[in-house]
Amino acid sequence: MANVLAFAEQRDGQIGSAGREAISAAATLAGSLGGSAHALVLGAPGLSAGAEGLGTVGAETVFVGEHEALGEYNPEGYAGIVADRVREGGYSAVVFTASTLGKDLAPRVAALLDVPLATDVTSLKADGGTVTVVRPVFSGKAFATLEIDATPAMVSIRPNVFAVGEHSAAGTVDAFTPEVDASAWRVRVVGRNSASEGQVDVSEASIVVSGGRGMKGPEHWGLLEGLRDAIGSGVALGASRAVVDAGWRPHGEQVGQTGKTVAPKLYFAVGISGAIQHLAGMRTAKTIVAINRDADAPIFSVADYGIVGDLFEVVPKLSEEIAALKAAD
Amino acid sequence: MNVIVCVKRVPDTEARIKVDESGTAIDKAGIKYDLSPYDAFAVEAALRLKEGHGEGEVTLLTLGDSSSQETLRKGLAMGADKAVLLTGDVTLDGLATAKAIAAELEGHDAPLFLFGVKAADDDQSQVGPMVAALAGRPCVTGVSSFEVAGSVATCQREVEGGSETVEVDLPAVLCMTKGPNEPRLAALKGIMAAKKKPLEEKPAATVEARIRLTGLAEPPARAEGRIVGEGADAVGELVRLLREEANAL
Ligand SMILES: Cc1cc2nc3c(=O)[nH]c(=O)nc-3n(C[C@H](O)[C@H](O)[C@H](O)COP(=O)(O)OP(=O)(O)OC[C@H]3O[C@@H](n4cnc5c(N)ncnc54)[C@H](O)[C@@H]3O)c2cc1C
Ligand SMILES: Nc1ncnc2c1ncn2[C@@H]1O[C@H](COP(=O)(O)O)[C@@H](O)[C@H]1O
Chain U
1 MANVLAFAEQ RDGQIGSAGR EAISAAATLA GSLGGSAHAL VLGAPGLSAG AEGLGTVGAE
61 TVFVGEHEAL GEYNPEGYAG IVADRVREGG YSAVVFTAST LGKDLAPRVA ALLDVPLATD
121 VTSLKADGGT VTVVRPVFSG KAFATLEIDA TPAMVSIRPN VFAVGEHSAA GTVDAFTPEV
181 DASAWRVRVV GRNSASEGQV DVSEASIVVS GGRGMKGPEH WGLLEGLRDA IGSGVALGAS
241 RAVVDAGWRP HGEQVGQTGK TVAPKLYFAV GISGAIQHLA GMRTAKTIVA INRDADAPIF
301 SVADYGIVGD LFEVVPKLSE EIAALKAAD
Chain E
1001 MNVIVCVKRV PDTEARIKVD ESGTAIDKAG IKYDLSPYDA FAVEAALRLK EGHGEGEVTL
1061 LTLGDSSSQE TLRKGLAMGA DKAVLLTGDV TLDGLATAKA IAAELEGHDA PLFLFGVKAA
1121 DDDQSQVGPM VAALAGRPCV TGVSSFEVAG SVATCQREVE GGSETVEVDL PAVLCMTKGP
1181 NEPRLAALKG IMAAKKKPLE EKPAATVEAR IRLTGLAEPP ARAEGRIVGE GADAVGELVR
1241 LLREEANAL
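Protein sequences, first through last, are from chains U and E.
Residue 1 is where the first sequence starts when you use our numbering, and the numbers rise one by one after that.
Residue 1001 is where the second sequence starts when you use our numbering, and the numbers rise one by one after that.
Don't read these hints as lab results, they were simulated from the structure.
Just so we're clear, the structure is a prediction, and the values are computed from it rather than from any experiment.
Hints should not be assumed to be uniformly reliable.
Covered stretches of chain E, going by a simulated chain U footprint (3 or more residues, C-beta under 8 Å) [stated by the list, open to error]:
#1 1049-1057
#2 1139-1145
#3 1228-1234
Here are a few chain U residues that face chain E, going by a calculated C-beta distance under 8 Å [as the list claims (entries may be wrong)]:
#4 E66
#5 I81
#6 L112
#7 A142
#8 V180
#9 A184
#10 V187
#11 R213
#12 K216
#13 H220
#14 Y305
#15 I307
#16 D310
To give a feel for the contact side, a few chain E residues facing chain U, derived at Cβ under 10 Å [what the hints assert, rightly or not]:
#17 R1016
#18 D1122
#19 M1130
#20 A1133
#21 L1213
Heads up, the beta-carbon is just placed ideally off N, CA and C, and yes, glycines get one too.
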């Protein structure tokens, strides 16, 4: 059998872009292997209601495991169920998303099944039955092409890189109730603190507005929030390590080698010099805009568009003009 | 409490990476190597735990070649007590690495095994949770800080849009990310002391890699960018370009 399984993560019962991208990548791979794509979703009861809609992103069959204890991700709860589905389905390949959840789950499932794993891949193909991937190494300073000599070939895809496809058929839903004994879990989430209620995470945003030491202090972040709000929804704030280490911004916003890797369609670097460790985290953004008063700042070497000038003059004007543009739409 | 920290020698984060003539390896000329940054956070966490509890031993473990001695000495200079170097090939098959490490760890009963969330060379983010699965231990990834009370570690874990507080029963595996505790620099005294600390070198129980590297390439150069202009006067043109040319707004 040459079928491919996608693990599609849900959050609050919704299957967002992370899960949809995995299903579509699995569907494309299944196409070249001559099989079909299946999806596996785990969560609290009620999930299966909308699951046939996942057919339109490429899943022929959607396995929905529903259990009260599975509403929120737990590594101990999820890994065994995923491994069982992979064993039962006899898949040629399994696709996860390299989100926080996927980075936690996929290696465990791979170890349980005794197959290697290629993480964070940016390209996924089958060449005569062999799965070949490309993935960034050295924080994106190089790209490695890898052949996977194991069945199933297990990969996780980098978020925001694979397109969500459009398929005409609805999927068939196969709902099941996995056996879960939450009392035996040795890992328990006991609290959640949302750093930025209602805001998108920098690693998932389609547009990122990042500030660096040139912002002079945390009291000036209102400027960047103004720019974010002028652009609209789906925009996240990011930061350089210098400002995170200074305590101006939370670590969750840090972009770069020891922070998050982002691949948005638009990235604003405001008052950021462009150190190699920062570039490592954002150089695959589709369009990069730099605002810096130093014309020699290295950030300009990766920027598609740059403005040399004082950010305290440029950013308010930018917010104003973008707001005007949006108002005219 | 005894802690084992798995550390890896990787190119310094400042390093410029060039692919050599073989097309499957980096050009090592001029590259400086260092302890992988997240592993430094893991070493720091282990040292703090030891200091806080007033007892216990911190052991460093690496799979690599003899050049990794330097990396282990750095961790010993930070304050770790001893080190083990498993000599063997390091490949892009993280499960093969995990198996070699797990085989060695069977002989250690430390309640905590610490890892970095990812190594700054292969960026796989997988060896820690794989070792946990192989060793039958629970694992928490993305830990920025943690405390141990009795047989439970309470961890702060970074997730999209915030953090979680996660309890894990010991023995466990924790994969550390950047957190509030900056890794300490080794003082001269530590560097001197490190020379005398035990560093055991032995062959790793390696298995064959099932992920094969067939090519390595530098990233495509970004198309030449342009300076749109100077100061606030350039904003109008920038917004026009973002809308019409880049299709980004
Ligand atoms: C192991 C390691 C890991 C690291 N990981 C990361 C990482 O993940 N992410 C990261 O970002 N860094 C990382 N760094 C740090 C990195 O080397 C830089 O120190 C850091 O990125 C600099 O931050 P910055 O650009 O905000 O500050 P600076 O380099 O100080 O740059 C500030 C910029 O603001 C400009 N500026 C000042 N005032 C104005 C103004 N009024 N208007 C316009 N422009 C102005 C200046 O011209 C300058 O270019 C790491 C370093 C190491 C050693
Ligand atoms: N060769 C190695 N020797 C020792 N520890 C390693 C090795 N490779 C990876 N690790 C550990 O596993 C973590 C994650 O690495 P990786 O999965 O390769 O990104 C690292 O931060 C180390 O703690």
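Go through the numbered hints given earlier and state which of them the structure violates, listing their numbers in rising order. 1, 4, 5, 8, 9, 11, 12 and 13
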